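Can you make the complete structure from the sequences, with help from the hints?
So the sequence lines, in the order shown, correspond to chains A and B.
Each residue of the first sequence is one higher than the one before, starting from 1 at the first, in the working numbering.
Each residue of the second sequence is one higher than the one before, starting from 1 at the first, in the working numbering.
Hints may be right or wrong, so weigh each one.
[Unchecked claim] Looking from chain A toward chain B, a few residues come up when the C-beta cut is under 8 Å (computed):
#	residue
1	Phe-87
2	Leu-92
3	Phe-183
4	Trp-256
5	Ala-357
6	Leu-359
7	Val-364
[Claimed, not checked] Here are the computed lysine-lysine pairs in the DSS-like style, where the Cα-Cα straight-line distance is at most 25 Å:
#	chain 1	residue 1	chain 2	residue 2
8	A	Lys-311	B	Lys-74
9	A	Lys-9	B	Lys-367
10	B	Lys-367	A	Lys-62
11	B	Lys-367	A	Lys-8
12	B	Lys-9	A	Lys-62
13	A	Lys-367	B	Lys-13
14	A	Lys-311	B	Lys-125
15	B	Lys-341	A	Lys-341
16	B	Lys-125	B	Lys-93
17	A	Lys-372	B	Lys-9
18	A	Lys-13	B	Lys-75
19	A	Lys-75	B	Lys-367
20	B	Lys-372	A	Lys-62
21	B	Lys-62	A	Lys-372
22	A	Lys-311	B	Lys-75
23	B	Lys-311	A	Lys-74
24	A	Lys-9	B	Lys-372
25	A	Lys-367	B	Lys-74
26	B	Lys-33	A	Lys-367
Keep in mind the hints are simulated off the structure, nothing from the lab.
Computed from a predicted model, the values in this text were never measured in an experiment.
A virtual CB, placed ideally from N, CA and C, is assigned to each residue, including glycine.
2 protein chains.
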Amino acid sequence: MTIQHYIKKEFSKMNELQKKIFSGLLHEIMTGKYRVGDTLPTELEIGKMLQVTRHNSHYAVKALENAGIVMRNKKRGTVVTRIPSKFELNSLKRFTAKKVCILNHSHEDYRHIHWNERISVPLEKELNRAGIEMETRIITDIKNTGDYMELLEDITDQGISAIVIIPAGGVSGLFLESAEMLFRYHESLFIFDRGSLECDESILNTVGINDFADGVTAVETAIRSGTVRRIIFCMHQITDCRWQKERLRGVRLGAWRMSGGAVFVENYVYGVHGEFPLNAPSPETVLIACHDEAAVTFIEAGKRRNLHPGKDYKIIGFGDDSRFSQYELTTLSPNLELIAKHLARQILDSIANREPAILHSCRVSSKLICRKTL
Amino acid sequence: MTIQHYIKKEFSKMNELQKKIFSGLLHEIMTGKYRVGDTLPTELEIGKMLQVTRHNSHYAVKALENAGIVMRNKKRGTVVTRIPSKFELNSLKRFTAKKVCILNHSHEDYRHIHWNERISVPLEKELNRAGIEMETRIITDIKNTGDYMELLEDITDQGISAIVIIPAGGVSGLFLESAEMLFRYHESLFIFDRGSLECDESILNTVGINDFADGVTAVETAIRSGTVRRIIFCMHQITDCRWQKERLRGVRLGAWRMSGGAVFVENYVYGVHGEFPLNAPSPETVLIACHDEAAVTFIEAGKRRNLHPGKDYKIIGFGDDSRFSQYELTTLSPNLELIAKHLARQILDSIANREPAILHSCRVSSKLICRKTL
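Now the structure itself:
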C-alpha cells in the first residue's frame with residue numbers, strides 16, 4: 001500500500017469535519033508550530049479551540065497516530081514523533097483536485113510531432129467528460145533543476161490529480177535527471193513517450209509508440225511489396241537515440257522473420273557513406289528511412305541523380321510528418337487517437353483509484369499510410 | 001500492421017476452401033517444390049488438380065500475390081518471387097490453435113516462488129473458461145540455444161495460440177539471449193517476470209512484480225510504525241540483480257519522500273559488513289531485508305546476540321516465502337492472483353485480436369502482510 005492509498009483509506013474513515021481537523025493539525029506540524037518531541041493540545045483542548053466535539057478531534061488525532069506522525073502516551077499526552085514531508089500534505093490535496101496538468105517539454109520545432117491536436121483534443125475531451133480540467137504548460141524555458149522544482153512545488157501546492165509529462169524529443173537531460181525528483185512531488189505521473197526515453201519503467205506510467213513494431217511493419221510491408229533484392233536502412237545522421245535503435249532493431253528482426261534469414265538489411269548514413277545509396281534505377285531496392293525527415297533528405301539527394309521514389313526505387317518513412325506532405329511518402333503514422341484513449345483511461349483509473357496497485361506501460365503500433373513511394 | 005494481422009485479414013476474406021488451397025500452395029513453396037523464379041500451375045490447372053472451381057483457386061493465388069510471395073504476369077504466368085519463412089506458415093496455425101504453452105525456465109529450488117499454484121490455477125481457469133487449453137513445460141534441462149530452437153520449432157509446428165515464458169530466477173542467460181529468437185518463432189509472447197529481467201520491453205508483453213513500489217511500501221510502513229531513527233537495507237550478498245536494485249531504489253526514494261530528506265537509508269551486507277548491524281536492542285531501528293531468505297539469515301544472526309525481531313529491533317522482508325512461515329515475518333506478498341488475472345486478460349485479448357496494435361506491460365504491487373517482526 002502506497003502512502004496515497006493509506007491516506008485515502010484513513011480519509012475514507014473520517015467525516016468532513018475530522019478531515020479538516022486532521023489537515024489543520026498536519027499543516028501546523030509541517031509549518032513548524034510543533035516540532036518532534038513537542039506535545040499537541042489534548043483532544044478536549046482541540047475540541048474547544050475549533051468548536052468541535054471531542055469525538056471528532058479524537059478521530060483526527062488517531063489518524064495522525066496511524067500515520068506515525070504522533071504517539072499518544074497516557075503520561076506525556078500526544079507527542080510529535082516525525083515531521084511528515086510536504087508530499088504527504090500534497091497527497092491529501094490530490095483527492096479533492098479535479099485537474100490534470102500537462103507539462104510539455106517538447107522543443108518548438110518538433111512540437112507539431114511530439115504533442116499535437118490529434119492527441120491533446122481527444123485526451124481533453126475524455127478528461128472533461130469525467131469532470132476533470134486539463135491545463136497545459138509549455139516549459140521549454142525551464143533549464144535547470146531548481147526552476148523545475150519550483151514549478152512542481154507550485155503545481156502540487158495548488159492540488160492536482162495527475163501530471164502528464166511530454167519529454168523533449170532527442171536527448172531529454174532535464175527530464176531524465178528529474179524522473180526521481182518528480183516521484184518526490186506527485187504519485188500520479190504519466191508519460192507520453194515519442195521514443196526518446198531510456199529511463200526505467202518502474203516509477204512512471206508510460207504510453208508510447210512501439211518503434212520496434214513499427215520497424216517490423218515497415219520491413220514486412222517492403223518485403224510484401226514485390227520482388228525485393230536489397231533493403232537499406234537509411235539514417236540522416238549517426239545518433240544513438242532510442243527510437244532509431246528500436247526502429248532499426250525491428251527492421252532487422254522483421255526481415256529475419258519474414259525471410260527466414262535470407263534478406264540482410266544494409267545500413268547507410270547520409271554524409272558518411274555518401275549522399276544516396278543508388279546510382280541507377282533499382283526498383284527492387286527499398287530504402288527504409290529512420291524518419292520522414294531523413295526520407296526527404298534522401299529523396300532530394302536521389303532527385304539530383306535523376307532518380308525518383310516509387311518509380312526508380314522504393315522508400316518508406318516513419319512519423320507521418322505533416323511538413324513533408326507534398327512528397328506523398330508511404331509512412332508509419334503514430335496512432336495518436338488510440339494513445340490519447342489509453343492515456344485518458346490510465347489517468348481516470350488512477351484518479352478513481354481503480355487498480356491502484358498496478359503500474360501500466362503500453363506501446364502502440366503505428367498505422368501504415370500507403371502513398372506513392374512504396 | 002504486423003504479418004499476423006495481415007494474414008488474418010487475408011484469411012478473413014477467403015472461404016474455407018480458398019484457405020486450404022492457399023495453405024497447400026504455401027506449403028509446397030516452403031518445402032521446395034517451387035523455387036524463386038519457378039512458375040506455379042495456372043488457376044485453371046490448380047482448379048482441376050484439386051477439384052475446385054477456378055474462382056476459388058483464383059482467390060488463393062491472389063492472396064499469395066498480396067503476401068508478396070508470387071507475382072502474376074500475363075506472359076509468364078504466376079511466378080514465385082520469394083520463399084516465405086517458416087514463421088509465416090506457423091502464423092496461420094495460430095488462428096486455429098486453442099492452446100497456450102507455458103515454458104517454465106525457473107530453477108527447481110525457487111519454483112515454489114517463481115511459478116506456483118497461486119498464479120497457475122487462476123490462469124488456467126480463466127483460459128479454460130475461454131475454451132483454451134494450457135500446457136506447461138518445465139524446461140530447466142534445456143542448456144543451449146540449439147535445444148531451445150528445437151523445442152520452439154516443435155511447439156510452433158503443432159500450432160499454438162500464445163507462449164508464456166517464466167524466466168529463471170537470478171541471471172537468466174539463455175532466456176535473455178533468446179528473446180530475439182523467440183520473436184522469430186511466435187508473435188504472441190508473454191512474460192511473467194519476478195524481477196530478474198533486464199531485457200528490453202518493446203518485443204514482449206510483460207506482467208511482473210513492481211519491486212520498486214514494494215520498496216516504497218516497505219519503507220513507508222517502517223516510517224509509519226512509530227519512532228524510527230535508523231533504516232538499514234540488509235542484503236544477503238552483493239548481487240547486481242534487477243529486483244534487488246529496484247527494491248533498494250524504492251526504499252531510498254520512499255524514505256526521501258516520506259521524510260522530506262530527513263531519513264537516510266544505510267546499507268548492510270551479510271558477511272561483508274559483519275553478521276548483524278546491531279549489538280544492543282534498538283527498537284527504533286528497522287531492518288529492511290532484500291528478501292525473506294535474507295531476513296531469516298539476519299534474524300538467526302541476531303538471535304546469536306540474543307536480539308529478537310519485533311521486540312529488540314524491527315525487520316521487514318519481501319516475497320512471503322512459504323519456507324520461512326515459522327518466523328512470522330512482516331513481508332510484502334506478491335499479488336499473484338491479480339497477476340494471473342492480468343496475464344489471462346492479455347493472452348485472451350491477443351487471441352481474440354482485440355487491440356492487436358498494443359503491447360502491454362504491467363507491474364503489480366505486492367500486498368503488505370503484517371505479522372510479528374514489524
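Task: Violating hint indices (sorted, rising) - done: 2, 12, 14, 18, 19, 25, 26
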